[in-house]
Amino acid sequence: MTIPFTAASRCSRYRRRILEISQQVSALHIAPAFSCTEIVDVIYNELMATPVARESEDVFIMSKGHGCMIQYVILEERGILSRADVDAYCKPHGILGAHPDYGNPGIRASTGSLGHGLGMLVGQAYAEKLKGTSVNFFGVLSDGELQEGSTWEAISMAANLRLDNLLVFVDNNDFTSLDRMSLAQPAFYPVLEKVQAFNWAAAEVDGHDSRALVTAARALPSDRPRMVIAKTTKGKGVSFMEGVSIWHYRSPSPAEFEQALRELQEGS
Amino acid sequence: MRNKFSDAFYEASLTNDKLCLIVADISPAGSLAKFRETAPQRFINVGVAEQVMVGIAAGLAMRGFRPFIYTIATFCLYRPFEFVRDDLCYQNLPVTIMGIGGGLSYSTLGATHHAQEDVALAMSIPNLNILAPCDPAEVEVMTRWCTEQELGPVYLRLGKAGEPDLTSHLNVPWQFGKIRRIREGNDHCIVTYGVVTRMALEVAEKLESRGVSTAVVTVPTLKPLDREGLGDLFAEFGNVTVIEESAPRALGLEVEALAFRTKYEGGLQVFALRDEFIHCYGSHEDILTAHGLSSEQIAQTLLTAYRV
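Each protein sequence line maps, in turn, to chains H and V.
If you're matching positions, the first sequence starts at 3 in the numbering used here and goes up one per residue.
If you're matching positions, the second sequence starts at 7 in the numbering used here and goes up one per residue.
So that you can see chain H by itself, here it is in the shape it has in the complex (with noise of 0.2 angstroms):
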């Protein structure tokens, strides 16, 4: 089986351009963009039927919108997004923004405040039910979108819709902004068996196993909504980052890129 290996030289590749890019503003969110880089990767090379920006197509949507930069990066290298677009983030002459911002190149909605993804998903995934179409739709939300209301008004109304052709991804890295999930947030645990209540086919995987993360989304019983916990590392993959939360909207020093990019080369 070939994913594991491609899924890490691409998530390598991803995860240095996001870098580059660091260096160009004074502030982005590393860290976020870095947990759920394999869970993002999936779905567009793996899951996705096929590439995104037309309306027959699979649709994703990035509900924890400050992830954004590993989205960017995969619409950078389909040609969906130009180098130019990337290089131009969150500059006054650039179109792309710290959030994603609907009706820019493959952005299919706007998303940065929390708990908004999930309803627009179920809106979006229930209109194509009606039509009779065979579009799928997939999400990343984060674990704190799962302390807002309107995502369990969301996953309720999924399950009530019997929305099959929607998978979303929980980025379970364990952060919010401030605080560690298990040790500020303890009633937040476990997650698996909430969502497994609201009638949703759910598992529980390492977020950074590639071959697992696809195997358990295909494994899910396909007649209802399923949703992946993907059990992550806030800033994966650069040893200073991992679990630190500075990181969560923080440019490196140049001195600190250099050797960012040093781990993630020797990890790939």
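Hints listed in this document are in silico derivations from the structure and should not be mistaken for laboratory results.
Heads up, some of the hints might be wrong.
Claimed, not checked - Result set (SDA-like, lysine to any residue): computed pairs, CA atoms no more than 25 angstroms apart in a straight line:
id : chain 1 : residue 1 : chain 2 : residue 2
1  : H       : 196       : H       : 151
2  : H       : 233       : H       : 201
3  : V       : 24        : V       : 96
4  : H       : 133       : V       : 49
5  : V       : 24        : H       : 104
6  : H       : 93        : V       : 132
7  : V       : 269       : V       : 310
8  : H       : 131       : V       : 154
9  : V       : 40        : V       : 70
10 : H       : 133       : V       : 156
Got chain H; can you put chain V on it based on the hints?
For chain V alone, kept in the frame of chain H given last:
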């Protein structure tokens, strides 16, 4: 108004399979029950969950449907406010937000059900179009317009039931973005919208009986506001009065700003709800009166102010 909306929506749905109605646990009045029977898949009751009501509407609109979200105005606009702002307005999607019982229509239910700030709040959001019909005839034509329009999100502010017909006899049809003259007069002009238009007409009658010829103009489209049309009123009338069932920072403030910018030298009075929550009960008229919005109080104040 509610029944006229239901009839118009149902009628449009017979030839438009893109129309969806998303309700948050509110009983479908009149013809909406028929819509539920004929198109059960396009009638979605999300239950008591207004945030996802808006999110689902956004998602449906993104895939080509024309959703209407439908519940009491406070729960359509206030409870899911940030979803209205981000999902519908920021993304500029053609979703109609039905604000049932806008203003103080739910007079006995207390301040939790009073949408007294709805217009002021809605006017502050970019891309949001605001329609406030004054009678069932305007509800009908506006509903039809909402089913077909391509502009973006609309807040359609309705009363409840039993509002009289005020506009069917007019020769000039309702037009999006334009003010509408529903009563002729020469000396003084009342500018108003929504359910209190009937009361504004009573004020005009009272002034007329005291020799003040009073026109009544409605502002059925509060956003985009017909500033040109309103500016023309300043040129035509020596006195202008705004009557609105809204918190103080809505149409009245816009008209005052316009008067300032155009250096209007005539008399200008604004009658709106006070900047207070309402702790009294009774009929709609009773609680409007408690806030100074009755034809008697307004007519008296105007006769004094304009020294007639």
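Consistency of the hints with the structure:
1. Restraint check for residue 196 of chain H and residue 151 of chain H: the C-alpha separation of about 13 angstroms stays at or below 25 angstroms, so the hint holds.
2. Taken as a hint, the residue 233 of chain H and residue 201 of chain H pair is honoured in the structure, with Cα atoms around 21 angstroms apart against an allowance of 25 angstroms.
3. Taking the CA atoms of residue 24 of chain V and residue 96 of chain V, the gap is near 22 angstroms; set against the 25 angstroms cutoff, the hint holds.
4. The suggested pairing of residue 133 of chain H with residue 49 of chain V holds, with an alpha-carbon distance near 15 angstroms, which does not exceed 25 angstroms.
5. About 22 angstroms separates the Cα atoms of residue 24 of chain V and residue 104 of chain H, which keeps this hinted pair within 25 angstroms; it holds.
6. Restraint check for residue 93 of chain H and residue 132 of chain V: satisfied, since their Cα atoms lie roughly 23 angstroms apart, inside the 25 angstroms limit.
7. A C-alpha spacing of about 23 angstroms is found between residue 269 of chain V and residue 310 of chain V, which places the hinted pair at or below 25 angstroms, so the restraint holds.
8. Restraint check for residue 131 of chain H and residue 154 of chain V: satisfied, since their Cα atoms lie roughly 23 angstroms apart, inside the 25 angstroms limit.
9. Straight-line distance between C-alpha atoms of residue 40 of chain V and residue 70 of chain V comes to about 23 angstroms, which keeps the hinted pair within the 25 angstroms bound.
10. Pair hint residue 133 of chain H plus residue 156 of chain V holds up; C-alpha atoms about 21 angstroms apart against a cutoff of 25 angstroms.
In this structure, none of the earlier numbered hints is contradicted; all agree with it.
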